[in-house]
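Protein chains in written order, with the working numbering: chain G, 1 to 293; chain B, 1 to 422; chain S, 1 to 324.
Don't read these hints as lab results, they were simulated from the structure. We treat Cβ as the ideally placed atom computed from N, Cα and C, and that holds for glycine. Errors might be hidden in some of the hints.
[As the list claims (entries may be wrong)] Facing chain S, a subset of chain G residues (Cβ under 8 Å, in silico):
#	residue
1	L110
2	V119
3	G121
4	D138
5	V235
6	A279
7	V281
8	L284
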Amino acid sequence: MTTSMILPQVVNGICWGMILGLIALGLNIIFGMLNVINFAHGAFYALSAYLAFSLVNYLHIPGVSTFWGSLIIVPIIIGVFGIFIEKVLVRPLLSEKHEYQLLLTFAVLLILQEGIAIVWGTVARPFNCPISLIGIVDLKFMVYPIYRLFVLALTGIIFAALWYFLNKTNFGSILRGGIEDGDMMRCLGINITLVRNLTFGLGIALVGVGAVLSAPITGSLNPQMGMTYLITCFVIISLGGLGSFKGAIIGGILIGVLKSVMIFIEPKASELSMFILMACVLTLRPRGLFGKR
Amino acid sequence: MKRQFVKIMTVLKINTVMCVSLCLILGVAFGPMAKQSFAGEETVYIALIEGLSGPYAYAGQSILAGLEFALEEANHSVLGKKLKLITRDNELKPPLAIRKMREVVRKYKPFFVFQATSSSVSLAVEQVALELKVPLFCEGYATQITGLECNRYTFRWDAPNYAGARSGLSAFLELHPNLKTFYIIRDNNASGLDMTNIQKELLKEIDAKILKVVVTPLGNADFSSYLTEIASLKPDAVIFNTYGSGNINLTKQLWEFGISKKVPILSAFGSLAMFRGMPPQAPKGIYYGLNWWPTMDNEWTKEFVAKWQKAHNGELPTDGAANSYNSLKMVLAVAEKVKSLKAKDLILGLEKFGKYDGPTGKEWMRPWDHQIVHAFLIGKGKAVKDKKYDDDYLDIVASAMEYPNTSPLDSTCNFKINDEDL
Amino acid sequence: MIICLAILPFTLPYVDLATEVVILSLLTVSFNLLFGYSGLLSFAQAALFSVGSYTMGNLIIHLDIHILLGILAGGIMAALIALPIGIISIQRIGLYFAFLTFAFNEMIYYIIYEWVSMSGGDEGLRGIYRPNLDLGIFSIDLSTQLRFYFFSCVIFVICFYIISRIINSPFGKVLKCIGENADRAEAIGYRVKSFKLMVFIISGFFTGVAGALHTMFVKFADVEHCMWLFSGDIVLMTLLGGIKSLFGPMFGAALFVVLSDYLSTLWDRWLFIFGFIFLGCVLFFRGGIQGILDTLFKKIGSKKRQSLMDEKQEGGRLGKGGQK
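Use the sequences and the hints to build the structure in full.
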């Protein structure tokens, strides 16, 4: 087991980890703000991918019906849809026990997933890489597709942009304040409802971006595609800390690398390993690595 | 104690009333439903239990299309009775398939059942067919289906892995001699395991070394870990025994990582429907094992393709469609010949079917293991610029017919049922 | 209820459905111990069910075990596995507890999936048969559907009785207390964590029994029933039926089985409708079917009471008048 063999796995793991981190971040933002674990996250992931698919293959709007177009439009659409769901369904349950919110989002998951199967059918749909990014790069120690490097770069930029937004802008501070202490924000006269809406939308939009980015990598869409991501994201946010920005990203990268390396060393234990890691971290540090609660 | 007892009794009383009323309501609502299915005495049924969703969904849809096409040609009738097809989705899960099979057989009493697309499901459903005494045409490539785990109620058209490996891998080795090291990726199921084992035997015979065998879950999305490993290990050839969306993803990624340009690759299972799901440049240079291809040069194929294209707007039929169309045609032909829909008569009739003209040319229904022996093909993926039309994915480069159980004496399949017990 | 269980197989299109209702009723009633009574939302039932299921399967195949022993063994194995899961999970409450049980469920899923020699992996465990019920003096053949149904009923009734005794005992009352307000219970002096662990193990035991019974029912053990979606289904059924009472979840199980069987023949995507039903339950009908029926009975009951009270008042006035 030489470094030259492990290193490509690590790089691959980081690439996946960044995408996972993006989706987990969406989950974390929603949780931090609204104290809701969104089971339906996986379904939103699948829905975004299918929307992108339809946009590219069926609606022939010049300029927009491309991968790049969907990268911008789909997150917006799905974010708005997310806000709608939040207003209609989650809001009434905010004062109830957490368990009921969980069950509610579970119901939404079932509905959305079956809805996708109804609309788009159960047969796997292809989703291809944008032509401009096809090809491979020879990085001396490994060969890697250009597209994946692009994904690495783009997610990095998004994370940086988000961090800047949350920490250096006024609105970002309001958002963070809302995550920390919603009641106080209301006392300060800020329209917390609007902020809540937007946060939920942002969280879901992040899932949208993650979905559109990762769809060309897996190459085909099926209604259950969100499920594996859902479980992995749950592990990531438990590991990284519920509600933590850093936690989602670092947790994501950790899990991504762990899985990639484990698939290489002992494939049968690859899925199991992330749960063992999670259990260990939670036992030693119940809040997760960076969690506040 | 007594108070508790009284309490339980009062609660029981209310609940009994509720329970009984619920039962009555359900019975009234659904009882007639169950009886309705037998309303038409003149209607007989065949059933299809297959994976309409999940990683092999398109294959399932092809099989369904083939059956419906044959049904259409037969005018939805057999022996003067109305013939209906009942479909159930097993989501590629053995327990669901078993449950649906039981449900359908109880409700509709079909005279023949078709099960498609997965060896694991076939192995499970075979046992149910034996238990319920219903003849079954099943698919899947695992050799045991008409081998060690065979039974007299089960028939199969798909070539078993033995044939696929021997024909496929032999042809591949002939086209590319001097291959010494191999890297194998396979599906985590009965078929993948079976195929890989037979390939291992073959490779041992030529003193080749297997660097690694990787097992991936069905419909695996990301093979990049293994592809980077292949890039560093540099085997002489790569074999992948995956089916369905796993195959699609792997083909695509092999091309993306530039591996299909450098190293000869063999995919044990290929199918037209699979190729439709890939980017058009991906299959180039990769060898695929096939049960059938629409450009095969025989009368049956030419006729079938022409008929199909006429009815389906010029679209080409897939091997799944050819398979199920042929199977149903066989069953109906036997039914007409023996003038009966009883399991015993149909089974005996099929066993006597012998040689006939089928999708791959001359085919033969073997009576001692119910396996149809037919040619197995190897196709090589074409470059996009060489394609004459959209579905022109491959050139057929080889074909062979090496099957196990070549005689009743050395067959691993032993029917334990006599004619009278059928 | 016994009468109802006796009639059930004849009202449904076929007996298999009734057996499934009984097995799922056992599952949901034991889950309700956790959710309805103690307020613990757990997602680990699927795993525990599978543990019972595979234990039974392997014991039958390798040891040709007596059917009752096998079922008991399934329950015990599940309880044993529930112990570590419980110990770790109850350290946290609410959502985090659900999360942890979810994670354990997935862990066990992958262990079972990869442990092919024990579980048959993706394809499940084949070759399981249903032995006769050997009661020493005589042996009852369980091979027909109807006979197995009554066998399941017997097992179910025994388990149900035990569970109802637990609920009505002081232990059960503490559980209810914990379910309503765990902090208060802690303040009064109960060691909440110990109680939670106990109920988790007890529920695990019955879940395992249900799993073993199910394996005998379908003569097959598979890893599908270990998926968290199955845990979710159990929660759905329990909520649907009604979490406030002991009988409630049975309605949910019955309705789920019947509807899923009927609807799946109509439309492959019937889960879509179920999602909405579930949604409605969570939003509006928190008490489930039992709740609806209870409200109905109360209304009818109150009308009766009203007329009784009126009579009393009348009688009173007459009485007074009479006396005067």
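Right, here's what the structure says about each hint:
no.: 1; hint: L110; result: 4 Å, holds
no.: 2; hint: V119; result: 10 Å, violated
no.: 3; hint: G121; result: 10 Å, violated
no.: 4; hint: D138; result: 36 Å, violated
no.: 5; hint: V235; result: 7 Å, holds
no.: 6; hint: A279; result: 7 Å, holds
no.: 7; hint: V281; result: 11 Å, violated
no.: 8; hint: L284; result: 12 Å, violated
Hints 2, 3, 4, 7 and 8 from the list above are not met by this structure, while the remaining hints are.
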